Amino acid sequence: MHLKIKVNSSVELYRPCPSTNFARRSCSSRASVSSKRHTAASCLGSGASRRNPAFRVQHVCKASQQSSQDFSKSSSGGEASSSNGSGSRKLKVLVAGGGIGGLSAGLACLRQGFDVTIFEKVEEYKPFGGPIQLQCNALGALDSFAPELAEKITTIGTITGDRVNGLLDGETGEWFYRFDTRKPCHKHGLPLTTVVSRYDLLDFLCEAVGPALTTGSRVASYENTKHGVRVTLEDGTLHEGDLLIGADGIRSNVRAQMRNEVNGPPLKYAGYAVYTAVCDYTGVHTDTSKTGYQVWLGPKQYFVSSDVGDGRQQYYAFLDVPPGGDDKWAKCEDWPNYRDMLLDRFKDWCPAVLERLECTRPEDVERRDVNDLAPDPRWVDGNVVLLGDACHAVQPNLGQGGGQAIESSFVLAEELAKAGPGKVNAALHAYARKRFIRSAAIHGLSRMASILNTTYRRYLGSEPYDFYPGPIKQMWRQIERLRLTHPGRMVGQIAMIATMDLVLEYVGAGLYLPPELGGASTGNRTHRVPRCQVPGVSAPKRDIPKEEFAMQGPPGLAK
1 MHLKIKVNSS VELYRPCPST NFARRSCSSR ASVSSKRHTA ASCLGSGASR
51 RNPAFRVQHV CKASQQSSQD FSKSSSGGEA SSSNGSGSRK LKVLVAGGGI
101 GGLSAGLACL RQGFDVTIFE KVEEYKPFGG PIQLQCNALG ALDSFAPELA
151 EKITTIGTIT GDRVNGLLDG ETGEWFYRFD TRKPCHKHGL PLTTVVSRYD
201 LLDFLCEAVG PALTTGSRVA SYENTKHGVR VTLEDGTLHE GDLLIGADGI
251 RSNVRAQMRN EVNGPPLKYA GYAVYTAVCD YTGVHTDTSK TGYQVWLGPK
301 QYFVSSDVGD GRQQYYAFLD VPPGGDDKWA KCEDWPNYRD MLLDRFKDWC
351 PAVLERLECT RPEDVERRDV NDLAPDPRWV DGNVVLLGDA CHAVQPNLGQ
401 GGGQAIESSF VLAEELAKAG PGKVNAALHA YARKRFIRSA AIHGLSRMAS
451 ILNTTYRRYL GSEPYDFYPG PIKQMWRQIE RLRLTHPGRM VGQIAMIATM
501 DLVLEYVGAG LYLPPELGGA STGNRTHRVP RCQVPGVSAP KRDIPKEEFA
551 MQGPPGLAK
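Each residue of the sequence shown is one higher than the one before, starting from 1 at the first, in UniProt numbering.
Possibly wrong hints are sitting among the right ones.
[Stated by the list, open to error] Pairwise CB distance ranges, derived in the manner of DEER restraints:
| id | residue 1 | residue 2 | range |
| --- | --- | --- | --- |
| 1 | Lys187 | Gly311 | 31 to 39 Å |
| 2 | Val284 | Pro336 | 23 to 31 Å |
| 3 | Ser221 | Lys126 | 25 to 33 Å |
Hints were generated in silico from the structure; no laboratory data involved. In this text the structure is predicted, and so the values were computed from the model without any measurement. All C-beta atoms in this analysis are idealised placements derived from N, C-alpha and C, irrespective of residue type, glycine included.
Make a model of the complete structure from these sequences and hints.
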């Protein structure tokens, strides 16, 4: 059985129902968009089309809400319409924003049997960003309310959580610290960290929410009413519901009204800009069969790279430069393109970094300033609540932006289901109390990681000297020539050996921690084996010896 879906092209896609496989079939036919109210369809093909940066994602309305309702029935043991926590009418949920956070929140609420409408400002989804890393905490949360999506992601994605990950010296390429991200997965029965195309992730989420998604509609303002909330779109259209979820990004209209941000969003420049690209890696200095996520460290800059499948590497070069794009690094005044600028900036670094830059097409490198949003407990206003980047935007160092939004979606839907329509405000406050602690902790860890990454020094005196007076500058240059291990490097390595497992446990198994630590568990899910298994039916476990993850040599000299 297939669901027939019309798209804005001359092709009709036939999407299989959940009970069938996920292969797509097509036939030539004339088609048009009959409504802005979008569904679970997609123009994403498989293989090369998913990787094509010119490919456009279009979601239109025809039919897949039934599949969401079918799953709700099967997973809850009853009719979707009666699973709203009170046995009465459906809770009507309005969602501002159709990104990862908004779609996840909408899907989690649909799976609780609520009536959901998601407003997304764009008419169609266009390619942006690169592949996204979903760590075990995100996949575990997704598995809790949409196990078939977690299974699809680990099936088509590239699993990196069972490989060696860690920090390396940028100049020599030697390991500074290796960590094992498998531990929280195996302890709590969570899916392994997986890298997936952002297009595919949005495609799967749009498919799952079905006609609950409305594109070309942006929430402009809201008003709390006696019975819920009234939302005004930018075109003047009014919608009413029991609550509004503001998941409209770091420049959220909902948050701006809630917190009276008359001067714009209170964003803080993180201190660096990021240059990113995906390259076809043909180098020889990285064994991609054994390594997943690597971070090369150096003074005032660092370089992050991860395997994203099909022989490709996605990398992020973080540079300590002024914000706003007015510096020579942003304007490329001395170089023909960003790629050549990065080759110059990293010219003294190890071959593994240079290989990735050399394998990159110059036009593929993109630049953006990195901003974050300081933790603020004001998440709730009446029957309006914030979610995702609108309230807990984080720096990209830990790969937790989308993951935290998925976690929040799961917790919010659970709290709403427990409370029912008559206690929406209480449910929103319960959600905010649980999620603020953890999201603030992840925010702090992410900010700390960026500071530590850019203050790394291998040798005593190994740092830029421009701001030193002449004699002191010469003194430090002479000290650097002695190649004395920087004491901070040894202290940092010892600290990581002592604490990294605890950090990985907190980041990776957040929902399974006690509520007082920011988790959502009451103890009954601690050893839950998810339906998306580890290592998984479709994702065979990579058998890398434990010794590969161990540090060798005394602190400060590990390789």
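Hint check results:
1. Lys187 - Gly311: 31 to 39 Å: holds, 32 Å
2. Val284 - Pro336: 23 to 31 Å: holds, 27 Å
3. Ser221 - Lys126: 25 to 33 Å: Between Ser221 and Lys126, where Cβ atoms are some 26 Å apart, the hint holds.
Checked against the numbered hints given earlier, the structure satisfies every one of them.
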